[in-house]
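Trainee: Residues per chain are reported as follows:
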Amino acid sequence: MIRFVDVHKSYRVAGRDIPALEPFNLEIADGEVFGIIGHSGAGKSTLIRLINLLERPSGGRILIEDTDITALPDPALRAARQRIGMIFQHFNLLSSQTVAENIAFPMRIAGGKDSTAIRQRVEELLQRVGLADHANKFPSQLSGGQKQRVGIARALANQPSILLCDEATSALDPQTTASVLELLAEINRELKLTIVLITHEMDVVRRVCDRVAVLDAGRIVEHGAVADVFLHPQHATTRRFVNEALPEEAAGEHVPYQHVPGRIMRLSFRGAATWSPTLGRVTRETGVDFNILAGRIDRIKDLPYGQLTLAMQGDNVDKALQALRDAGIEIEELAR
Amino acid sequence: MIAASLPLLQNLFPNIDDWGELGQACIDTLLMLSGSLLLTVVIGLPLGVLLYLTGKGQLHAMPKLYGVLSLVVNVLRSIPFIILMIVVMPLTYVLVGTKLGVRGAIPPLVIGAAPFFARLVETALREVERGVIEASQAMGATTWQIVRHVLLPEARASLWAGVTVTAIALVGYTAMGGAIGAGGLGDLAYRYGYLSYKSDYMVVTVLLLIVLVQLLQMLGDRIVAHYSRS
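In order, the protein sequence lines correspond to chains A and B.
When we follow the numbering used here, the leftmost residue of the first sequence carries the number 502, and every step to the right adds one.
When we follow the numbering used here, the leftmost residue of the second sequence carries the number 543, and every step to the right adds one.
Since the hints were derived computationally from the structure, they do not count as laboratory data.
Mixed in with the good hints there might be a few duds.
[Claimed, not checked] Pairs of lysine to any residue residues, derived as SDA-like cross-links and limited to a Cα-Cα distance of at most 25 Å, are as follows:
#, chain 1, residue 1, chain 2, residue 2
1, B, 606, A, 517
2, B, 598, A, 638
3, B, 606, A, 557
4, B, 606, A, 518
5, B, 598, A, 574
6, A, 638, B, 694
7, A, 614, B, 688
8, B, 598, A, 520
9, A, 614, B, 615
10, A, 614, B, 689
11, A, 614, B, 690
12, A, 614, B, 694
13, A, 638, B, 688
14, A, 638, B, 671
15, B, 606, A, 638
16, B, 740, A, 511
17, B, 598, A, 514
18, B, 598, A, 511
[Said to hold, decoys possible] Taking CB as the label site, the calculated pair distances span:
#, chain 1, residue 1, chain 2, residue 2, range
19, B, 606, A, 516, 16 to 26 Å
20, B, 552, A, 642, 11 to 21 Å
21, A, 562, B, 602, 39 to 49 Å
22, B, 671, A, 609, 36 to 46 Å
23, B, 636, A, 574, 37 to 47 Å
24, B, 636, A, 642, 16 to 26 Å
25, A, 518, B, 602, 17 to 27 Å
[Claimed, not checked] Far from chain A, by Cβ distances over 10 Å, these chain B residues were calculated:
#, residue
26, 595
27, 602
28, 624
29, 628
30, 677
31, 682
32, 683
33, 695
34, 698
35, 737
36, 756
For glycine and all other residues, C-beta sits at the position ideal for the given N, C-alpha and C.
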């Protein structure tokens with residue numbers, strides 16, 4: 502478990518303290534994929550670098566498995582860092598070394614493994630990230646997605662318990678992003694390691710994260726399970742991020758439905774409810790008429806969900822809404 | 543081959559009395575160059591690494607130490623080499639027991655070139671991507687491991703370019719050194735070519751120096767090309 506206790510960070514610029522992160526508390530559980538989303542300058546880069554102390558907090562404690570890493574002397578800190586892998590937006594591979602040498606590098610630094618053991622581990626890691634044929638290439642000969650796979654293999658070399666992802670997919674095209682995210686999800690599942698990722702894309706959070714924290718101007722304005730935050734965003738910043746991930750209409754916030762007759766409702770389905778024909782059954786039973794204004798059916802990580810914006814008309818709308826609620830569908834009224 | 547071409551050379555440059563002396567001067571120049579280049583790298587490389595590490599915003603930023611080092615480097619670089627040679631003569635005598643010849647030339651050559659090379663090293667290291675260094679820190683690397691396994695290998699193309707530039711600068715210095723008793727090609731050019739009006743000496747030594755510089759540059763370019771991977 503990673504725990505931030507009253508942690509804050511400010512930078513000294515020209516003799517003045519500029520706050521980068523307001524005091525906050527946060528817990529990240531073992532084995533979860535935790536997303537931190539924010540615009541550039543919100544402080545997410547700083548936050549993720551606190552976990553391996555690439556940035557030192559101005560105050561507070563950072564506990565990893567109950568050890569306060571801010572109090573560790575240098576050699577112990579270096580040992581702790583060897584158990585925390587990190588991947589980067591721009592990959593940060595050694596351009597003078599081959600793929601295999603890049604992956605072997607953290608093991609050579611850590612010591613304690615002979616060259617045969619290192620070679621075996623490199624082989625294993627290359628298999629895992631699907632680059633078995635590229636061992637002797639140089640990074641400049643690889644595509645962006647392949648470079649990030651090398652980054653991931655390198656980060657996993659010393660069998661870390663935590664993997665930090667610093668905008669790991671921001672420099673990749675959508676298709677490559679999808680495959681890298683899939684690899685991260687697979688690693689999380691199979692190796693049971695904790696992943697902390699920062700991003701400015703809600704879609705990345707939606708696809709792989711279990712929980713998310715929304716960072717705005719150095720403050721965590723909202724955090725919780727991705728499904729809750731995604732389907733019921735509270736803070737304005739969160740809403741903006743969610744809306745970016747949705748087609749414009751489905752967001753429903755600023756789309757004028759005044760001219761649409763009936764009551765404008767937003768229905769959110771989660772899990773099994775997404776696949777059952779509840780809406781059809783309820784409207785048939787109550788005689789309520791509906792018109793779909795916007796909608797989306799997708800997944801949040803492995804959880805299927807649907808969100809529909811409807812205009813409902815008829816005498817029994819309230820009764821229908823109750824029946825829908827009873828079936829486990831969440832309902833918000835947008836306009837009457 | 544050299545023996546066969548000798549009559550031809552004697553016809554071309556009739557004023558040159560002693561070709562053996564010229565050959566010895568070539569050897570002296572090469573000895574001065576290789577000896578001083580080796581020591582310049584041995585001293586300048588760590589100095590450059592230290593300049594880099596202690597610089598502003600770097601791994602071990604130490605403004606005061608950096609300020610002092612930087613000042614010393616700048617002072618040594620601003621003294622014209624011919625003056626520097628004279629100034630350091632007492633030190634030269636203490637170090638190698640003579641102020642003359644190949645041995646006497648090497649200490650001032652190194653003192654003149656090492657600060658220059660150190661600056662080139664500092665610049666080369668600064669070009670290494672910050673992200674790569676950050677990644678190594680995140681892996682738990684020590685500063686020494688970062689220098690040894692990240693900074694120097696990543697910068698090796700620019701470092702070799704720096705060695706090439708330094709070697710060529712040293713060729714110039716050795717020739718200058720000839721004027722005050724260092725021997726070598728510069729010495730011949732000065733004594734016979736300038737003081738005795740035997741311009742053939744001047745022409746031949748300059749031609750030899752041009753060839754030497756060309757060879758050094760070609761060799762350097764090849765090494766740099768070999769190490770450039772991105």
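Trainee: Hint by hint, say whether it matches the structure.
Mentor: Each hint tested on the structure:
Restraint check for residue 606 of chain B and residue 517 of chain A: the C-alpha separation of about 22 Å stays at or below 25 Å, so the hint holds. Between residue 598 of chain B and residue 638 of chain A, the direct Cα distance comes to roughly 35 Å. Violation of the 25 Å bound is thereby established for this hinted pair. This hinted pair checks out: residue 606 of chain B and residue 557 of chain A have alpha carbons roughly 23 Å apart, not beyond 25 Å. Our distance criterion of 25 Å between C-alpha atoms is met by residue 606 of chain B and residue 518 of chain A, whose separation comes to about 23 Å.
Between the alpha carbons of residue 598 of chain B and residue 574 of chain A the distance comes to roughly 24 Å, so the proposed pair stays at or under 25 Å and holds. Distance check on the hinted pair: residue 638 of chain A and residue 694 of chain B sit about 20 Å apart at the alpha-carbon level, within 25 Å; holds. The hinted pair formed by residue 614 of chain A and residue 688 of chain B meets the criterion: a straight-line CA distance of about 19 Å does not exceed 25 Å. Of the supplied pair hints, the one linking residue 598 of chain B and residue 520 of chain A holds, its CA atoms being roughly 22 Å apart against a limit of 25 Å.
In summary, the hint linking residue 614 of chain A to residue 615 of chain B is not supported, as the alpha carbons are separated by about 42 Å, beyond the 25 Å threshold. With a CA separation close to 21 Å, the supplied pair residue 614 of chain A and residue 689 of chain B stays within the 25 Å bound. Taking the CA atoms of residue 614 of chain A and residue 690 of chain B, the gap is near 19 Å; set against the 25 Å cutoff, the hint holds. Note on residue 614 of chain A and residue 694 of chain B: the hinted pairing holds, with a Cα-Cα distance of about 24 Å set against a maximum of 25 Å.
Only pairs whose Cα atoms come within 25 Å are accepted, and residue 638 of chain A paired with residue 688 of chain B is accepted, the gap being roughly 22 Å. Proposed proximity of residue 638 of chain A and residue 671 of chain B is supported: the alpha carbons are some 20 Å apart, at most 25 Å. For the suggested pair residue 606 of chain B and residue 638 of chain A, the alpha carbons sit about 43 Å apart, so the restraint of at most 25 Å is broken. The straight-line distance between the Cα atoms of residue 740 of chain B and residue 511 of chain A is roughly 73 Å, outside the 25 Å bound, and the hint therefore fails.
Between residue 598 of chain B and residue 514 of chain A the CA atoms are separated by roughly 14 Å; this keeps the pair inside 25 Å, and the hint holds. A threshold of 25 Å between alpha carbons decides the hint, and for residue 598 of chain B with residue 511 of chain A the separation of about 19 Å falls inside it, so the pair holds. Judged by the Cβ atoms, the range 16 to 26 Å given for residue 606 of chain B and residue 516 of chain A holds: they are separated by roughly 19 Å. The hinted window of 11 to 21 Å between residue 552 of chain B and residue 642 of chain A is violated, with their beta carbons roughly 56 Å apart.
Distance hint check for residue 562 of chain A and residue 602 of chain B: the Cβ-Cβ separation is about 26 Å, which falls outside the suggested range of 39 to 49 Å. Evaluation of the 36 to 46 Å hint for residue 671 of chain B and residue 609 of chain A yields a failure: the beta carbon distance comes to about 20 Å. Checked against the given bound of 37 to 47 Å, the beta carbons of residue 636 of chain B and residue 574 of chain A, roughly 44 Å apart, stay inside it. The hint said 16 to 26 Å for the Cβ distance between residue 636 of chain B and residue 642 of chain A, and at roughly 54 Å that hint is violated.
Separation of residue 518 of chain A from residue 602 of chain B is about 24 Å and conforms to the stated range, judged on CB atoms against 17 to 27 Å. For residue 595 of chain B, the condition that its CB be more than 10 Å from all CB atoms of chain A holds, with the nearest at approximately 16 Å. Look at residue 602 of chain B: its CB is around 12 Å from the nearest CB on chain A, clear of 10 Å, so calling it non-interface holds up. Its beta-carbon lying about 39 Å from the closest one in chain A, residue 624 of chain B satisfies the requirement of being farther than 10 Å from that chain.
Here residue 628 of chain B stays apart from chain A, with its beta-carbon at least about 43 Å from theirs, past the 10 Å limit. Not every beta carbon of chain A lies more than 10 Å from that of residue 677 of chain B, the smallest distance being close to 4 Å; the non-interface claim is violated. Under the 10 Å C-beta cut-off, the non-interface status given to residue 682 of chain B relative to chain A is violated; the minimum distance is some 4 Å. At roughly 5 Å, the least C-beta separation between residue 683 of chain B and chain A is not larger than 10 Å, which violates its mark as non-interface.
Interface exclusion of residue 695 of chain B from chain A breaks down, the closest Cβ pair being 4 Å apart, not more than 10 Å. Taking the minimum C-beta to C-beta distance to chain A, about 7 Å, the non-interface status of residue 698 of chain B is violated against the 10 Å cut. For residue 737 of chain B, the shortest C-beta to C-beta distance to chain A comes to about 51 Å, beyond the 10 Å cut-off, and the non-interface label holds. Residue-level check passed: residue 756 of chain B sits 28 Å from the nearest beta carbon of chain A, beyond 10 Å.
Checked against the numbered hints above, the structure violates hints 2, 9, 15, 16, 20, 21, 22, 24, 30, 31, 32, 33, 34; every other hint is satisfied.
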